[in-house]
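Asker: Chain by chain, the residues run as shown.
There are 2 protein chains.
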Amino acid sequence: MRILITGGAGFVGARLARELLRMGQLAGQTIRELAIADLAAPPADLLADSRITASTGPLSSHAGLFASGFDGVFHLAAAVSGECELDFDLGLRSNLDSTRLLLEGLRQAGNTPRLVFASSIAVYGADVGQTLPDIVSERTLPAPQTSYGAQKLMCEYLIADYTRKGFIDGRSARLMTVTVRPGRPNGAASSFFSGIIREPLAGIETACPVDRNVSHAFASPARTVEGLIAVYEADRAALGGRLALNLPSINGTIGEVLDALESVAGPKVRARVRFERDERIAGIVSHWARGASAERATALGLRADESFRSIIEQYIDDCRHRPGYPPEALRGLEG
Amino acid sequence: MRILITGGAGFVGARLARELLRMGQLAGQTIRELAIADLAAPPADLLADSRITASTGPLSSHAGLFASGFDGVFHLAAAVSGECELDFDLGLRSNLDSTRLLLEGLRQAGNTPRLVFASSIAVYGADVGQTLPDIVSERTLPAPQTSYGAQKLMCEYLIADYTRKGFIDGRSARLMTVTVRPGRPNGAASSFFSGIIREPLAGIETACPVDRNVSHAFASPARTVEGLIAVYEADRAALGGRLALNLPSINGTIGEVLDALESVAGPKVRARVRFERDERIAGIVSHWARGASAERATALGLRADESFRSIIEQYIDDCRHRPGYPPEALRGLEG
Numbered sequence: 003m004r005i006l007i008t009g010g011a012g013f014v015g016a017r018l019a020r021e022l023l024r025m026g027q028l029a030g031q032t033i034r035e036l037a038i039a040d041l042a043a044p045p046a047d048l049l050a051d052s053r054i055t056a057s058t059g060p061l062s063s064h065a066g067l068f069a070s071g072f073d074g075v076f077h078l079a080a081a082v083s084g085e086c087e088l089d090f091d092l093g094l095r096s097n098l099d100s101t102r103l104l105l106e107g108l109r110q111a112g113n114t115p116r117l118v119f120a121s122s123i124a125v126y127g128a129d130v131g132q133t134l135p136d137i138v139s140e141r142t143l144p145a146p147q148t149s150y151g152a153q154k155l156m157c158e159y160l161i162a163d164y165t166r167k168g169f170i171d172g173r174s175a176r177l178m179t180v181t182v183r184p185g186r187p188n189g190a191a192s193s194f195f196s197g198i199i200r201e202p203l204a205g206i207e208t209a210c211p212v213d214r215n216v217s218h219a220f221a222s223p224a225r226t227v228e229g230l231i232a233v234y235e236a237d238r239a240a241l242g243g244r245l246a247l248n249l250p251s252i253n254g255t256i257g258e259v260l261d262a263l264e265s266v267a268g269p270k271v272r273a274r275v276r277f278e279r280d281e282r283i284a285g286i287v288s289h290w291a292r293g294a295s296a297e298r299a300t301a302l303g304l305r306a307d308e309s310f311r312s313i314i315e316q317y318i319d320d321c322r323h324r325p326g327y328p329p330e331a332l333r334g335l336e337g
Numbered sequence: 003m004r005i006l007i008t009g010g011a012g013f014v015g016a017r018l019a020r021e022l023l024r025m026g027q028l029a030g031q032t033i034r035e036l037a038i039a040d041l042a043a044p045p046a047d048l049l050a051d052s053r054i055t056a057s058t059g060p061l062s063s064h065a066g067l068f069a070s071g072f073d074g075v076f077h078l079a080a081a082v083s084g085e086c087e088l089d090f091d092l093g094l095r096s097n098l099d100s101t102r103l104l105l106e107g108l109r110q111a112g113n114t115p116r117l118v119f120a121s122s123i124a125v126y127g128a129d130v131g132q133t134l135p136d137i138v139s140e141r142t143l144p145a146p147q148t149s150y151g152a153q154k155l156m157c158e159y160l161i162a163d164y165t166r167k168g169f170i171d172g173r174s175a176r177l178m179t180v181t182v183r184p185g186r187p188n189g190a191a192s193s194f195f196s197g198i199i200r201e202p203l204a205g206i207e208t209a210c211p212v213d214r215n216v217s218h219a220f221a222s223p224a225r226t227v228e229g230l231i232a233v234y235e236a237d238r239a240a241l242g243g244r245l246a247l248n249l250p251s252i253n254g255t256i257g258e259v260l261d262a263l264e265s266v267a268g269p270k271v272r273a274r275v276r277f278e279r280d281e282r283i284a285g286i287v288s289h290w291a292r293g294a295s296a297e298r299a300t301a302l303g304l305r306a307d308e309s310f311r312s313i314i315e316q317y318i319d320d321c322r323h324r325p326g327y328p329p330e331a332l333r334g335l336e337g
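Chains as they are written, first to last, in my numbering: chain A, 3 to 337; chain B, 3 to 337.
Wrong hints could be hidden among the right ones.
For identical chains, the list gives no copy identity; a pair is met inside one copy or between any two copies.
Taking lysine to any residue and the SDA-like style, the derived pairs with C-alpha atoms no more than 20 angstroms apart in a straight line are [said to hold, decoys possible]:
(1) 270 / 330
(2) 167 / 132
(3) 167 / 111
(4) 270 / 318
(5) 167 / 91
The hints are simulated quantities; they were obtained by calculation from the structure and are not laboratory data.
If we strip away everything but chain A, and leave its shape as in the complex, we get (with noise of 0.2 angstroms):
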């Protein structure tokens, strides 16, 4: 089978390649090619796969490859939510624009391939005058206080018309917060989620810009990427009637997260981390979702991680065995 990953040169995406390749099919079939679609290239030991095929540059020039009949698609390529509130005509070519030229690339193969659309918690959010439940659930109303989750939201309910029509086979799944995120922090406004982890690890002072009551929903890496595979080999029918839903996450506050780094790595760790609060990253997380259930990911057997120790120890293993991770990733770990 032909399996295409856009923004397959990130992060989430480079990881899900490789762990693709590692189990060499999917969903019972034989993977002869996994092209990856991004902006820049695929690291080194993607490229050394003789499976994988990369093409690099903005989706808007990838028509042709859209529609050159892929038997399942990971869309994760995105522009990311800070960069997208100061560049909202970015955020609509990325996000909305890219989807549909994907999309439509996809109907005309005319072979209905499946596709795992990543979407986001984003797509939450308290309007003015509005409080969110504690804990957002697949039954709560949608409100993204964000361009980014306003398009991941728009692209949603696209993908389920194309999959109606009989176009696509696609189901969008809702990533949580994934952390710890490698190397430099990025445009996201949820990056620090990642850096007050990464930061004091690698040994380097860090500013935290929400305080420490903020809560979240966060996911590991792994628990990300095992949640977007089994979206994908899930059957329709399983998947509870709605095409979106939420990827398990494991709900907490930054000073939880900031126990969890100190029982690991010792108080000199945590140390590094100062509070020095960000109006503008402030002002997009306080509205979002302070925690995320996810009743119908768990039901198809996905679990989330199980404690924020276990995901920076997850951190920690990744920085050792893994590729993508500097070797000075933990130049700050004591001991």
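Here the structure of chain A is known, so what remains is to put chain B in place on it, guided by the hints.
Answerer: What follows is chain B alone, placed relative to chain A:
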């Protein structure tokens, strides 16, 4: 002030235009120009008013008009449900792309114009294996089962995001099925809801494509126009935090509609309706809401029609006194 009505040559749009001209002002400001953008030219009675300007052609040709600095906009232009099911590309072009072009023009003008978007009860629907509540409320999760409904819902979220960004002051009024529409059947899957009243009153035999127990949510043209204007004039704070709201409806079955027709016009008129199932139409309608509530519109002071009788009496009165109703419309009325 300068007002724009897209779709202002259509039935609801022209009726809204007449009402605005009669009022002479909107939200306390004098209407100096009422621009109508539509595929077709507006009716003669509108063109005769010096405040009317007409731009005839597809919305895609009106980018300059949209950016010309309107104070307020009623966005009614759309391809309807039945034709969007038959022509998927038409729906995306007419309903999604045209709305984006309009919103971009309004954003470019830079004066944060107020906009009322005519959304639809078609945003609600039951996914396969799911059931809708008997009465959909504003807390019911939308799940459109037509491309038309999906496109309307996507536009609601786009308008909410343009509003959050301060580019426009937008709100979405979900129209119930407007009954009785005069003239010929149109491409809407809901067209027959008007047809089973209009045709027998004109002396024409007609087929009802669904069972008499099918229930739905209806509003008269007068209540619909009143709702659009009230949603325009409402303070954003009065909308209750969310920008999309249901307009009030009277909920009931085909059987109840026909009972009302008989009570107003006699058994001979009712007998002109025969039941002849149309699988395409019945399939679409089977996924629709059987009734709706409208808490937030009610809080704005809006009311549903009193009865199906009053809806039919309004139509008969309109046929006798309003422009746009053909002279033969009541040819089948007894006595």
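Asker: Hint by hint, say whether it matches the structure.
Answerer: Comparing the hints with the structure gives:
Only within a single protomer do residue 270 and residue 330 lie at most 20 angstroms apart by alpha-carbon distance; the minimum there is 17 angstroms, versus 88 angstroms between protomers. Only between protomers do residue 167 and residue 132 lie at most 20 angstroms apart by alpha-carbon distance; the minimum there is 18 angstroms, versus 35 angstroms within a single protomer. In this assembly of identical chains, the alpha carbons of residue 167 and residue 111 lie at most 20 angstroms apart only when taken from the same copy (14 angstroms versus 37 angstroms across copies). In this homomeric assembly, residue 270 and residue 318 come within 20 angstroms of each other (Cα to Cα) only inside a single copy, at 16 angstroms, whereas the closest approach across copies is 82 angstroms.
For the identical chains of this complex, residue 167 and residue 91 are inter-copy neighbours only, at 12 angstroms across copies versus 29 angstroms inside a copy, given an alpha-carbon limit of 20 angstroms.
In summary, this structure violates none of the numbered hints.
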